[in-house]
Structures are given as structure tokens and as C-alpha cells.
Amino acid sequence: MMRRPVWFSRRSDREHPYWQLAAQRRRAHNASAAFYIDANFYLDAHPASIELGQTAGVDTRHRPEFDRVTNPVARFAPPSFCELLMCLLVEPEFQEDRLADYQERFNGLWVPRFGYRGAVAVYVWHVLRQSRLIDWLIRMFAWGDPL
Amino acid sequence: MGRRGLGEFETAVLLAIIHLQGRGYGVSIADEIERRSGRPISFGAVYATLDRLQKKGLITSDLGEPTPERGGKPKRFYRIKADGERALREAHAWSERMWAGVAPIGAPA
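Protein chains in written order, with my numbering: chain A, 1 to 147; chain B, 1 to 109.
None of these hints come from the bench; they were simulated from the model. Source: prediction; values computed, not measured. Fair warning: there could be bad hints in the mix.
[As the list claims (entries may be wrong)] SDA-like cross-link-like pairs, simulated, lysine to any residue; straight-line CA separation at most 20 Å:
hint	chain 1	residue 1	chain 2	residue 2
1	B	55	B	34
2	B	55	A	131
3	B	55	A	109
4	B	56	B	76
5	B	56	B	102
6	B	55	A	134
7	B	55	A	93
8	B	55	A	95
With the sequences and hints as input, model every part of the structure.
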């Protein structure tokens, strides 16, 4: 049996911010998926009246009146590997607030400016940037205090 | 304060914390520095500097109330300590001593 690394939190550890955020995102995703199935398109005919083998016409036009944000923070959630990286590099007492700060920045600035994929890259860079390793490298090669 | 003085960015972070009057958390501190300095800064560098200043004992932090717009997560508000104010004063005095007697840049000597 593969042994779990010591830094990897247990799935049963519900209090850990990483798993709390993962559960929150899963709930938001499930809610939005159900919502789209229920209300974001219409069948032309009642499903009971469709003959077997016949295709129903589907109106897939976007309906902004049905755009409902279940959780504004989770609307553009960064990928979980980004948050895992954050949890690995940041001390546990600072993880919860910092994950939320980064998510606020991710939603408010990086996604509108760089798009989702660009925002993920920026997220990873800034998580790495805040670690002491980058400070040490800057001090080594720039011969001075990190900015 | 440690053996070394404050760096330029450390000074900027401490001043932003003072300007925000106890309501400064990571995002607002970064925004305040960008707004006042007029140049983009690295978001990650703000946290690296906050960690360093806290380790030096110049600032302290406490968690606020969890809010629904942050998904039930609290903000961490930073406050400057007496040692931080002293370090800022020393850095300012050091800068003034260095500038004393220097003619304004661009003016004839």
C-alpha cells in the first residue's frame, strides 16, 4: 500500500481549509450544473409527447435572467492544484485567509485581465513568489534586498 | 529592529498599513501601494514582505469576521507595532541625513 506523504492532509480532516474550499466548490458546481439542466434551455415539446427515436428541438439561447450566482467567490474558482500548492507553501495559520485573498484577486483582477488560463499562471507565479525560496534567489543573484 | 534597516518595499508596506488605519489586509495593502506609487507591484511580494515584517516583530495581525462574499473566510488585518513605527522613523531620518546638503536634482550646482 502506498504511504501518504506527511504534508498531505487526510481527506477526513474536514477543518482543513483546502478540503473546505474543495467541498464549497463542489457544492457550487453541482448547483450550477443542476441549474443549467433545469432552466437554461427549453424543450419545444413536452418530453412525454416525444415519440421514441424522434429528436426534440432545443432552444439553447442564453437567458441572462436565469444567470444566478450561487456563490460569487466560487464563480471563477482557481484549480485545486493551485490551492494545494498554496497550502504546501504557506503556514497553516495563514492558509485560510490567504486562499480567500488570492481568490478575490483571481476573480476581481486576473481573470478579467488575462483570461482563465492566464489567471491560473499568474496565480501560480504569485504563490511561488511569496515563498522564501524566491526571496533567497533574488538575494543571491541581485545582491540586495528583495523588492 | 534587526541588524539591517528597512528595504524600500518594506517601507512602502508599513506606510500602506498606516494609511489603511487597521483595516489593511493583503489585497487592500497591495491596492494602496499601487494607487499611491502609481506602478504595478507583485501581489506575492506583498505577502512575502508581510511575513518578513511579522517575523521581525514590526507588525502584528489578527483575523476579522468571516464574510459570505469571501465564501465564509475571514480577512487578516495587519497593524503596525511600536517597533515598526520606530523602524520607519529611523529609515526616514537616515534618508533625510543622506539627502541633507544635496542640491535639488536638475538645479544648477
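Do the hints match the structure? See the list:
no.	hint	result
1	B:55 - B:34	violated, 24 Å
2	B:55 - A:131	holds, 14 Å
3	B:55 - A:109	violated, 29 Å
4	B:56 - B:76	holds, 18 Å
5	B:56 - B:102	violated, 33 Å
6	B:55 - A:134	holds, 17 Å
7	B:55 - A:93	holds, 14 Å
8	B:55 - A:95	holds, 17 Å
Hints 1, 3 and 5, counting from the list given before, are not met by this structure.
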